[in-house]
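Each chain, written out:
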Amino acid sequence: MFRFPRTISPRRRLICGCLGVLGVLVAWWFLTLPLIPQSSERREVVETGEVELRTNPVTGESIEVKKRETVVTVVEIHRALVRPPALDTPGNTFRSAMKLFRREPGSNDPTLWDHLLKSTLRILLGFALSTVIAVPLGIMMGLFPHLRAAVMPIISFLRPLPSIAWVPLAMIWLGVDEVQKLAIIFMGTFAAALIYTIEATIKVEPDLIKAAQNLGCSDRQLLWRVLLPAALPNILSGLKVVMAIGWTCVISAEIVGTREGLGALIWLSQETSNTAAVLVGMAGISGIVLLLDLLITRVERWVLPYLHLEEAR
Amino acid sequence: MSDIILSAQNVTKSFGDVVALDRLTLDVTRGEFIVLVGASGCGKSTLLNLFAGFDAPTEGRVELDGRPITGVEPRCGMVFQNYALFDWLTVARNIGFGPRMRGIDDAGRITDLLRLIGIEDFADHYPRQLSGGMKQRVALARTLANDPDVLLCDEPFAALDAMTRQVLQGELSRIVETAGKTCLFITHSIDEALLLADRIVVLSARPGRVKTTLENDLPRPRTADVQLSEGYLDRKRAIWESVQEEVLASMRG
Ligand SMILES: Nc1ncnc2c1ncn2[C@@H]1O[C@H](COP(=O)(O)OP(=O)(O)O)[C@@H](O)[C@H]1O
Ligand SMILES: [Mg+2]
Numbered sequence: 001m002f003r004f005p006r007t008i009s010p011r012r013r014l015i016c017g018c019l020g021v022l023g024v025l026v027a028w029w030f031l032t033l034p035l036i037p038q039s040s041e042r043r044e045v046v047e048t049g050e051v052e053l054r055t056n057p058v059t060g061e062s063i064e065v066k067k068r069e070t071v072v073t074v075v076e077i078h079r080a081l082v083r084p085p086a087l088d089t090p091g092n093t094f095r096s097a098m099k100l101f102r103r104e105p106g107s108n109d110p111t112l113w114d115h116l117l118k119s120t121l122r123i124l125l126g127f128a129l130s131t132v133i134a135v136p137l138g139i140m141m142g143l144f145p146h147l148r149a150a151v152m153p154i155i156s157f158l159r160p161l162p163s164i165a166w167v168p169l170a171m172i173w174l175g176v177d178e179v180q181k182l183a184i185i186f187m188g189t190f191a192a193a194l195i196y197t198i199e200a201t202i203k204v205e206p207d208l209i210k211a212a213q214n215l216g217c218s219d220r221q222l223l224w225r226v227l228l229p230a231a232l233p234n235i236l237s238g239l240k241v242v243m244a245i246g247w248t249c250v251i252s253a254e255i256v257g258t259r260e261g262l263g264a265l266i267w268l269s270q271e272t273s274n275t276a277a278v279l280v281g282m283a284g285i286s287g288i289v290l291l292l293d294l295l296i297t298r299v300e301r302w303v304l305p306y307l308h309l310e311e312a313r
Numbered sequence: 314m315s316d317i318i319l320s321a322q323n324v325t326k327s328f329g330d331v332v333a334l335d336r337l338t339l340d341v342t343r344g345e346f347i348v349l350v351g352a353s354g355c356g357k358s359t360l361l362n363l364f365a366g367f368d369a370p371t372e373g374r375v376e377l378d379g380r381p382i383t384g385v386e387p388r389c390g391m392v393f394q395n396y397a398l399f400d401w402l403t404v405a406r407n408i409g410f411g412p413r414m415r416g417i418d419d420a421g422r423i424t425d426l427l428r429l430i431g432i433e434d435f436a437d438h439y440p441r442q443l444s445g446g447m448k449q450r451v452a453l454a455r456t457l458a459n460d461p462d463v464l465l466c467d468e469p470f471a472a473l474d475a476m477t478r479q480v481l482q483g484e485l486s487r488i489v490e491t492a493g494k495t496c497l498f499i500t501h502s503i504d505e506a507l508l509l510a511d512r513i514v515v516l517s518a519r520p521g522r523v524k525t526t527l528e529n530d531l532p533r534p535r536t537a538d539v540q541l542s543e544g545y546l547d548r549k550r551a552i553w554e555s556v557q558e559e560v561l562a563s564m565r566g
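Chains A and B are the protein sequences, given in the same order.
Okay, so the first sequence: first residue is 1 according to the working numbering, each after it adds one.
Okay, so the second sequence: first residue is 314 according to the working numbering, each after it adds one.
Chain B on its own, in the form it takes in the complex (with noise of 0.2 Å):
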């Protein structure tokens, strides 16, 4: 097996008239933690939605250990913005579903992960009891219920406050890390994309297409000291100067 998980080759998108993406090429290593950032409507979620195997690209491949992707693929596990939460079930049914619907009933799994994202307190309360933190810990709990070897992150954080983003954000880090996952996660924030990443990837403005790419070597875990180092502060600079002008050419239209 090649070291390459995920791969996407010249691959283009368009919606009718729409190009979202144009000949983007991308590959991932096995256990890596890549961050798409980008403008929006730039193209992020599709390249994500055509991983998970949702759409088709109009052009080109993307493919999984090799092969290409033909429908959706269960293999890579998807976390949305929004939860998705399945309201009518408890926390524990929701992270069971997976096993379920493949006919396996694991209480002792589902109790470890329960565990694992430190809600075991809350196994038998409904989504919509949660807060916002506590529905995507639900969340990300469900998708690693099924083992699925990627992890793609639509924006998982975005609609949280500041101080439950950073608790995620570590406690991702730690389980990625531990499962050996690789994971492919798109933000807004750059400091985000700092603290998580193992290699940060900026996509130009709408058609989307890779503009850079940047190693991420800073040390883990990503302390608050980490965070003030001059390192931290140079590749955000970087990374910042790389994004604004992509996201100013997309305010231009």
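Okay, chain A solo, but in the shape it has when bound (with noise of 0.2 Å):
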């Protein structure tokens, strides 16, 4: 059962991935599939076509009336497992999605375009002041223990915070404006931002710094021409991360004093049921995660070639 290499092709995986997500799509459509037979009463009066003499208890006159009976029949419908507004069928539910890319005629509502660029928007300037103090805070935080030691309890009490914490917070002192959303997500990045970069500092190899020091650098040129160097790659792959935590940010830096942004698309949409805007929300946020972390990717190989080399034996 367990065979070493425990890899596989990458069609095989390509297969295997696609297989994983039809089989949810099939789940999904089977879950709203009208399956279960109910049978309920329809009840109906209609009119016989006869017609009955009655006499008028007050006038005593004789009026004509049309004969009447109550019908019943049983009818049988069939019901889904999970039915509308919880979830509507795939086809449905892609139709709804669909119409969130444009507006309606009339509407002055945000399209998804519009909430996709609010977010980032907000993310990115929130991901880009964490990094900007986090990154040489971290750093020099690495290089110096004392320093360390001085920043790492609050750092501590900090990190463990989910960024859902600091909303009210972020709301008693600074109210419910954008720089309450910046807030939130700087406060959500930045101790991550911060931990990431010491700890790719202290991994630089000591040799290393030993080397550089014995061929007659500064501790200027050590700093810039090493240090820097060195640690940058881990620095990425962890700013990677700390972007897609910026990302999970949204939903409570949105969720109140907007209309616009994927979080505030998801909150708004869940207190009108509107299940397929939700889940266009959650979706818009995974998918440009996704394609930020391509991007980084991208730019890393650019900036750092050596690291994509073939390696020798």
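None of these hints come from the bench; they were simulated from the model.
Keep in mind it's a predicted model, so treat the numbers as computed, not measured.
The C-beta atom is built at its ideal place from N, Cα and C for all residues, glycine as well.
Certain hints may be false.
As the list claims (entries may be wrong) - Negatives, chain A to chain B, calculated, CB over 12 Å:
| id | residue |
| --- | --- |
| 1 | PHE4 |
| 2 | THR7 |
| 3 | GLN38 |
| 4 | SER40 |
| 5 | ARG54 |
| 6 | VAL58 |
| 7 | THR59 |
| 8 | THR111 |
| 9 | PRO160 |
| 10 | ILE195 |
| 11 | ILE202 |
| 12 | GLY216 |
| 13 | ARG225 |
| 14 | VAL226 |
| 15 | VAL241 |
| 16 | LEU307 |
To be verified - Selected chain A positions facing chain B (Cβ under 8 Å, derived; list incomplete):
| id | residue |
| --- | --- |
| 17 | VAL204 |
| 18 | ASP207 |
| 19 | LYS210 |
Taking the hints as your guide, dock the two standalone chains into a single complex.
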């Protein structure tokens, strides 16, 4: 059962991946398929076509009244395991999702593009802010144990807090405008960015520093020409993870005070039980993280070409 | 200038409670190839770090050309066991690193060094594209580019396979001899010591002191014939017996 090596060819990996996705789609389709028979009674009052003579109890007049009767029919209807609005069929969901891409005539609701753009701007700005502070600070903390010892307790306190934990404080201090959203993304990513940078710096091989000093480089040269390039690959792969963490903050950042952004789309659609829109918002977050990841990897290949060379034995 | 280029006088080095070196005295003559052998943990690397100026002795003096070594000493070039190459620089730029840090960009000298160690074709390769033997060649060239007076080699060939090691031992011998460098070389291999050394210094188990010194006047080049000669085997036996006691002592703690 367990064989080595436990790897498969890229072709098989692709096929298995497609099967997995297909499996989920089939399960969805099946769950929303009207399969369960249920009988229900339908009552209808119908005219029989006959006419009856009745006497008006007040006036004593005779009037003609059409004869009626109640007809009870038993109808067999089929129900799905899961019904709208909990979950619509894949087809219907897809059609509702498509509607989000363009603006309905006469409506001023933001389209999916507006949501994507707004969230991207917020995340990139918040991410840039926390990176600009965390990376230099992290390198310094990696280099100076005293500074590390001084700052680490605070970071250990901040790190376990999920971004949503910052929402109340951010609202009290900053209100509900853009600054509050940036602050949440900043706080949600800062500790992680810092810790990845510290680790990357500490991991730089001591012999590398010794070699550089031995070759006669000054402290300044050591920092810029050796420590930084040596730590850069690990800092970058850390920031890739932090970027993804930044996107998870979008849900907490856009919980109040905005109609735009993927987070806002998800929260507002939840209020109207628009399952399709909630799903689109979620897929949007995943999709853009995957895309940005790919982009960063490309940039990395370009900035650090040596990392992707064929290794010798 | 005296004939002694490097010297350690009554050097003690402790790390907290651990005494790594205890009143060690060693003089290295200019142009000499000294090989240090001794049980692991006996303070060989510590001694090299003192000579390179990475660390200061707790007591005693370390001197280069009669002057105490106070800071990192670029005239003592270091070669490391795990190469310590700069992954993000090409072979040529690794070799040119030292001069470049002093503002010198001498392409001609780099080409000469590439030729000296036989890796002209790999100038534009990155370290991770090279085999271990190639990497150590580059590291040696990088150290030589700074034209140090002394080469400090801390088990530079220990990670290489036996065949590559033989080739590099020959090359190092040739380069050090031609350039007239002084060399202080650490190894675990008695054969390597006998192949390279003018003088072999056996250190005692921790705390390290000089236990015995053996002049190694076997004829050079030390070919297979030399390695099978009576004199070679006698010396090998003598060093092994001396080292063995210390290894056993260090294993008993
Ligand atoms: N920076 C250090 N801090 C604490 N102990 C050290 C340090 N460097 C070396 N030692 C200790 O000093 C002793 C000698 O180490 P080392 O010189 O590396 O031995 P060798 O190179 O002969 O194997 C060892 O017991 C080692 O644990
Ligand atoms: Mg050692």
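Tested hints:
1. The beta carbon of PHE4 of chain A sits about 25 Å from the closest Cβ of chain B, which is more than 12 Å, so the claim that it is off the interface holds.
2. Every beta carbon of chain B lies more than 12 Å from that of THR7 of chain A, the smallest distance being close to 22 Å; the non-interface claim holds.
3. No Cβ of chain B approaches the Cβ of GLN38 of chain A within 12 Å, the least distance being about 67 Å, so the stated non-interface status holds.
4. With a closest Cβ-Cβ approach of about 72 Å to chain B, SER40 of chain A is found to remain outside the 12 Å limit, as its non-interface label requires.
5. Every beta carbon of chain B lies more than 12 Å from that of ARG54 of chain A, the smallest distance being close to 103 Å; the non-interface claim holds.
6. Under the 12 Å C-beta cut-off, the non-interface status given to VAL58 of chain A relative to chain B holds; the minimum distance is some 106 Å.
7. With a minimum CB-CB distance of about 108 Å to chain B, THR59 of chain A clears the 12 Å threshold, and the non-interface call stands.
8. For THR111 of chain A, the condition that its CB be more than 12 Å from all CB atoms of chain B holds, with the nearest at approximately 44 Å.
9. Annotated as non-interface, PRO160 of chain A keeps its C-beta farther than 12 Å from every C-beta of chain B; the closest such distance is 34 Å.
10. Consistency note on ILE195 of chain A: stated as away from chain B, and its beta-carbon is indeed over 12 Å from all of that chain's, at 23 Å minimum.
11. With a closest Cβ-Cβ approach of about 17 Å to chain B, ILE202 of chain A is found to remain outside the 12 Å limit, as its non-interface label requires.
12. The Cβ of GLY216 of chain A does not lie farther than 12 Å from every Cβ of chain B; its closest approach is about 4 Å, which violates its non-interface assignment.
13. Distance check on ARG225 of chain A: its Cβ comes as close as 7 Å (rounded) to a Cβ of chain B, failing to clear the 12 Å threshold; non-interface status is violated.
14. The beta carbon of VAL226 of chain A sits about 7 Å from the closest Cβ of chain B, which is not more than 12 Å, so the claim that it is off the interface is violated.
15. Here VAL241 of chain A stays apart from chain B, with its beta-carbon at least about 22 Å from theirs, past the 12 Å limit.
16. With a minimum CB-CB distance of about 8 Å to chain B, LEU307 of chain A fails to clear the 12 Å threshold, and the non-interface call is violated.
17. The interface hint given for VAL204 of chain A is broken, as the beta carbon of that residue sits about 11 Å from the closest beta carbon of chain B, more than 8 Å.
18. Hint on ASP207 of chain A holds. Least Cβ distance to chain B is approximately 4 Å, under the 8 Å limit.
19. This hint holds: LYS210 of chain A has a C-beta 6 Å from the nearest C-beta of chain B, less than the 8 Å allowed.
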